[in-house]
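Trainee: Required output: the full structure, derived from the provided sequences and hints.
First residue of the sequence shown: 1, per this note's numbering; consecutive thereafter.
Treat the hints as calculated values from the structure; they're not laboratory data. Warning: the hint list may mix true and false statements.
With a Cα cut of at most 16 Å, we get these calculated EDC-like pairs of lysine to aspartate or glutamate [what the hints assert, rightly or not]:
(1) Lys74 - Asp32
(2) Lys20 - Glu88
(3) Lys94 - Glu21
(4) Lys20 - Glu44
(5) Lys19 - Glu44
(6) Lys84 - Glu21
(7) Lys94 - Glu44
(8) Lys94 - Asp48
(9) Lys19 - Glu88
(10) Lys84 - Glu29
(11) Lys74 - Glu29
(12) Lys19 - Asp100
Between beta-carbon pairs, the in silico distance windows are [said to hold, decoys possible]:
(13) Asn110 - Ser9: 25 to 35 Å
(14) Arg10 - Leu113: 33 to 43 Å
(15) Asn110 - Phe78: 32 to 42 Å
(16) Arg96 - Asp37: 12 to 22 Å
Glycine included, C-beta positions come from ideal geometry on N, C-alpha and C.
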Amino acid sequence: MRNQPADSSRPLRVAALIKKEVAQILSQELNDPRLADITITAVEVPRDLASARVFFTSMTAVENPQQITSLLNKAAGFVRSSLKGRLELRGIPKLRFFYDESIQRGDDMNKLLHSLHPEGE
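Mentor: Below, the structure is given as structure tokens:
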């Protein structure tokens, strides 16, 4: 009899937990006003659960997403240690933050479409 495949839904469940908890940590425990309007849009966790790619958006990050990304990655150790007390996992994944450009691209696409078809035509 063949071995059963590893539970492929586990990374999805862990990602959902991390998304929820990271959002709470950023809003409640970090006192940096530059990070005040961060929204966690997605978290990707591979099967080995060793790392997590945390995607975010922010109205203030639109002008300079690299600065906010850098701030979040500098705070990743603190956020990870805060997760240890909140999640019942053997190991907490290493966190890496990435600016989620999809929302900005969607907004740009909407503006382009509206410019091609102005209201009232």
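Trainee: Now, for every hint given, state plainly whether the structure supports it.
Mentor: Each hint tested on the structure:
Of the pairs offered as hints, the one joining Lys74 and Asp32 holds, with about 12 Å between alpha carbons and a cut-off of 16 Å not exceeded. The suggested pairing of Lys20 with Glu88 holds, with an alpha-carbon distance near 14 Å, which does not exceed 16 Å. Between Lys94 and Glu21, the direct Cα distance comes to roughly 14 Å. Compliance with the 16 Å bound is thereby established for this hinted pair. Note on Lys20 and Glu44: the hinted pairing holds, with a Cα-Cα distance of about 13 Å set against a maximum of 16 Å.
A threshold of 16 Å between alpha carbons decides the hint, and for Lys19 with Glu44 the separation of about 9 Å falls inside it, so the pair holds. At roughly 10 Å between alpha-carbon atoms, Lys84 and Glu21 fall within 16 Å of each other, so this suggested pair holds. Straight-line distance between C-alpha atoms of Lys94 and Glu44 comes to about 12 Å, which keeps the hinted pair within the 16 Å bound. Proximity of Lys94 to Asp48 is assessed by CA-CA distance (about 11 Å); at most 16 Å being required, the pair is judged to hold.
With a C-alpha separation of about 15 Å, the suggested pairing of Lys19 with Glu88 holds against the 16 Å cut-off. For the suggested pair Lys84 and Glu29, the alpha carbons sit about 14 Å apart, so the restraint of at most 16 Å is met. Distance restraint check for Lys74 and Glu29: the Cα-Cα separation of roughly 15 Å lies within the 16 Å cut-off, and the hinted pair is therefore satisfied. Of the supplied pair hints, the one linking Lys19 and Asp100 holds, its CA atoms being roughly 14 Å apart against a limit of 16 Å.
Restraint check, Asn110 to Ser9: a C-beta distance of roughly 34 Å satisfies the suggested window 25 to 35 Å. Between Arg10 and Leu113 the beta carbons are some 40 Å apart, a value that agrees with the proposed interval 33 to 43 Å. The hinted window of 32 to 42 Å between Asn110 and Phe78 holds, with their beta carbons roughly 36 Å apart. One distance hint, 12 to 22 Å for the beta-carbon pair Arg96 and Asp37, holds here, with the actual separation near 21 Å.
The earlier numbered hints are all upheld by this structure, with none contradicted.
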